[in-house]
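Visitor: These protein sequence lines are chains E and F, in that order. Per my numbering, the very first residue in the first sequence carries number 1; after that it's consecutive. Per my numbering, the very first residue in the second sequence carries number 1; after that it's consecutive.
It is worth saying that the hints were derived from the structure and are not from the lab. Being a predicted model, the structure only gives us computed values, none of them experimental. Ideal Cβ placement from N, Cα and C applies to all residues, glycine included. Treat the hints with care, as some may be off.
Stated by the list, open to error - Covered stretches of chain E (in silico footprint by chain F; criterion: 3 or more residues with CB under 8 angstroms from a CB of chain F, positions within the stretch not fixed):
id : stretch
1  : 367–377
2  : 487–500
3  : 556–570
What the hints assert, rightly or not - Here are some chain F residues the structure puts well away from chain E; computed CB gaps all over 12 angstroms:
id : residue
4  : 32
5  : 77
6  : 80
7  : 113
8  : 119
9  : 183
10 : 241
11 : 274
Said to hold, decoys possible - Some chain F residues judged to face chain E by a derived CB distance under 10 angstroms, without partners named:
id : residue
12 : 29
13 : 33
14 : 38
15 : 39
16 : 41
17 : 44
18 : 96
19 : 100
20 : 259
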Amino acid sequence: MTGNNPSHSLVLCCFVMMRNESPILNPFLDQLEEFFDHCILLDHDSTDDTVDIIRQRKNNEKFSLCHLKSSGYPQAEVATYFAHSLIQNNNADYVFFLDCDEFLPFDTRADLLAQLKKHSQDTLIRFKWRNICPSQLNGDDIFSSDFYKGSNQNDFYKIAINASVSETAPKFSINQGYHSITTHNGTDPQLQEEPANHLLHIPVQSSGQIAFKLCNGHNRIAGDAVRQQKNEGWHWVTLARQLASSGGDPDVLRNLALNYPTISSDDNAVPDKLEFNFPYIKSPYSESESYIAAQAYSLIQSENDPQGVEKYSYTVTDHKGNILTTEHSGKDTEPAPIERPPQQSPPPVLFNQERFSEQFNTLIDPLFFLPTKMPPTAWGGHIPFLFVLMKILSPRTYVELGVHYGASFITACTAAKSLQIPTQLYAVDTWEGDKHAGVYEGEPIYQELKAHLEGSFDNFHLMRCLFIEARQKFKPGSIDLLHIDGLHTYDAVKNDFTTWLPAMASNGVIMFHDICVHERGFGVHQLWDELKEQFTTLEFHHSFGLGVLFLDSGDPRVKPLIDLASDPNSKRFYQDLVENIGNTIGSRVGFLTNQEDLHRLHHEVDYLRQELSEVYSSTSWRITSPVRATRRKLRGD
Amino acid sequence: MRIGVVGSFTYFENHFPERWFEDKDILALDVFEADYSWLIILHNFSPDVTLFFRPELYPRRFIESIPGIRIALLSEPVPNVVNGKLELSSETKLRMKVYQLMDWDLYHWRIFYDEGKQDSINALGYTIDEFRPLPIDTATFHPPTRSEYRYDVCFVGKATPHRIEKLDFLRSSRLSFIWVAHGASGQDLAELFRSSRIVLNVHADAKNAFEPRIYLAAACGSLVVSETLSSRPLHFAERIIEDTTQWSDSLLREYLENHQSYSPTPSFQNSLNRFSTRVLISDVLAQLNTTFN
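Use the sequences and the hints to build the structure in full.
Guide: Next up, the structure:
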């Protein structure tokens, strides 16, 4: 059984899921280039140079870079998806599942193929972990010196699957951790352990790297009462404490690396040197500043992760932003079923009596905020809801595509200042118009908006350029709230969505204006209908319609809105309420600003009258009276 | 309790509530005079009480939309009363024009900063509820815990012909002297005062006045030596000296010799407490018989 390919040249593919792996990534990619024909590299919101390294890699035709947006860790789901995809679309004979710290112990691809030929009848091949540890752990290139090898007692395996599995078990799924598969047809996979060769695993690459790794794991488990109760992941806490108490002793680090993830008490055993010298690796291991910063920030993030069993949403996109697969049913991604107590609380209802105060403060009170200015706009009716969204999300970054007079942008700025949120606010527009907004003289509009913003706000940035030009300025995962209101054709708004999606945080929110316009070539409604099938959404139908898309329906911040959207009566009530309040915005803001102008004009008139009165009563006026009389006569007045 | 503060940061931040920049229950707005729509932000913030510095500047409709108690702190000088009449001049008329825009009834409590101007205020017919110096951020402006002086003499204020003439003697003096014309405010200004044995007060012109820096410097424990003041200092009396003579090196040395460095006394502490901005707010609320959580 050699899978899809009848010829003798096997097609070898690999699936890799990664996050912040920049130090070891180039050596790892050297490996992939040597052994595999095609690789899926799935990045999970890396904040260091991981994505840049892949993009800048020369001869990267073998690599398909994809992006995973998820606050959880849906490894089994995405591995299953890509395993099927590689077999069906790339004619893979074998699919490997490697992490960036795992290396094959073969000199060349020919050597690997020779081993695989021995297992051509097996559905699965299991490679046993062999932990190895660099002889130097100071952050320098670990591949330029020797490695120590651990004992042969490790019980952890990684699998490679033969494409024949898709014939014997068409609905197979990969298990979390890549240790095995589930056939779902009652059969066991035919597997063979590869005894002669191990998978070389480098869990500790430097003292700094392992410290970050253990602290992250420690933070996640130590703050998670549910996992502690189930005794899950406690080894992270133990390992972290062992490391901390050792003060970074090199022998303790080496011992930890060679026995990972178990704990050994024998710190004094002298390990053997590894004979293998990684002939296919040409690039150095390198810890950059951005990697260290990203690891430090992730420590803060891991302290603030929500506790308890998480319901995960996820979305996978390709390098162009096209959605490949997504799941938003709130399904638990734990592979084994877990017993939970039955639901006790009643279905969510707006203004639940017990939570009235919280719901009022979150969902109602901000509706009555006012923006500092309301220029001409078709967006006015949505201003109240934007205040609610800003309060709920407290976004780090707000980006608006298509600004024009700035009504919604001024609202976002007002919200940030009123709520004392240090949001960075970006307005992107050329201020030249388009066929939907109309071509307009943008310079005076831009200058007026700029002057108003400079007088009242900080933290705002006007980006006078095309959307695609502005996109380069935003790192992946950096935008929490995005407002798309540019050209409204289907192709244009879809392009905006796919282009900017990778820049969104995994729990970000996207707003689309004009979802209710079905004329003049507007196609936002068409895209909105597609997106509603894939994401949790909320929509308003007044002021030409506003669609609100939640990338992570499990984000606790947006729970009030998700609950509201899930109850038809509450949703309808809230939509009507927002519309009614939105209809009054223009008159309420206009009342303030127009009255201010009137008040000022009255004072100016009073002042001028007083000045005139002083002139009339002055001596010089009386003296020159005959001169004025003569002039009037000459003019014939 | 949520507190709003409206006032030019440049001129008034030293008088804002204690720890205002780190307290989420306090929103301070700087003044942008071209367009007052930024006051709407305060409407959204929904304060329980708001302090307005230079209240005569702000348009009525915006102020009306701000909920809670509104306290006006008036700090523009008014003319003196001489022989029962207001001593008007073109300059005083110009200054008083600003008060023509004031909506007195919008504020629940109106405070005038110069306690010596009650006669003038009565003559003008302004509605003032209390005469009280501008409050001070006592978390920033307070005496040192240890006296470590870098300078013998300090002056803060822009250079004018009168000041240049008045302070010229210091150019040849052996006393250590620093003159900061611009840019010192908040913590920087307080540190400067605390590291100076004497802080001089010289009016911009030769006209008597009572500058806010007098009490700011005194609150930091400095000895304040001033030209003739428009009214007697009623607080920090032991730290403020009004000297109408010709100033000289020997005069200042005499003060340095005869006046002790700051040491805590009950009367000083009482004065400092009374100047606290948060205490002012509490006092006003007590006057209005209002409480907040």
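Visitor: Decide, hint by hint, whether the structure agrees.
Guide: Each hint, compared with the structure:
With a cut-off of 8 angstroms between beta carbons, the stretch 367–377 of chain E has 5 residues touching chain F; three or more are needed, and the interface restraint holds. Chain F is given as covering the stretch 487–500 of chain E, and this is violated because 0 residues of the stretch bring a CB closer than 8 angstroms to a CB of that chain, at least three being needed. For the stretch 556–570 of chain E, the assignment as covered by chain F is violated, since 0 residues bring a beta-carbon within under 8 angstroms of that chain's beta-carbons and 3 are needed. At the 12 angstroms boundary, the C-beta of residue 32 of chain F falls inside the reach of chain E, the nearest C-beta of that chain being 4 angstroms off.
With a least beta-carbon separation of about 21 angstroms from chain E, residue 77 of chain F lies farther than 12 angstroms from that chain, consistent with its non-interface assignment. With a least beta-carbon separation of about 23 angstroms from chain E, residue 80 of chain F lies farther than 12 angstroms from that chain, consistent with its non-interface assignment. In this structure residue 113 of chain F is separated from chain E by more than 12 angstroms, as the shortest Cβ-Cβ distance comes to about 24 angstroms. With a least beta-carbon separation of about 26 angstroms from chain E, residue 119 of chain F lies farther than 12 angstroms from that chain, consistent with its non-interface assignment.
Every C-beta of chain E lies more than 12 angstroms from that of residue 183 of chain F, the closest at about 20 angstroms, which supports listing it as non-interface. Remark: the non-interface label on residue 241 of chain F is consistent with the geometry, its nearest Cβ contact in chain E lying 42 angstroms away (cut-off 12 angstroms). Under the 12 angstroms C-beta cut-off, the non-interface status given to residue 274 of chain F relative to chain E holds; the minimum distance is some 30 angstroms. Interface restraint check: residue 29 of chain F against chain E, minimum CB-CB distance 8 angstroms, threshold 10 angstroms, status holds.
The beta carbon of residue 33 of chain F is positioned within 10 angstroms of a beta carbon in chain E (closest approach about 9 angstroms), and the interface hint is therefore held. With a cut of 10 angstroms, the hint placing residue 38 of chain F at the interface with chain E holds, because the nearest CB-to-CB distance is about 4 angstroms. For residue 39 of chain F, the suggested interface contact is upheld, since its CB lies about 8 angstroms from the closest CB of chain E, less than 10 angstroms. The restraint placing residue 41 of chain F at the interface with chain E holds, with a minimum CB-CB distance near 5 angstroms, inside the 10 angstroms limit.
The interface hint given for residue 44 of chain F holds, since its Cβ lies 4 angstroms from the closest Cβ of chain E, which is under the 10 angstroms cut-off. Here the hint on residue 96 of chain F is broken, as its CB sits about 12 angstroms from the closest CB of chain E, past 10 angstroms. Evaluation of the residue 100 of chain F hint against chain E yields a held restraint, the C-beta minimum of about 8 angstroms falling below 10 angstroms. Taking 10 angstroms as the C-beta contact cut-off toward chain E, the hint placing residue 259 of chain F at the interface is violated, the least distance being around 44 angstroms.
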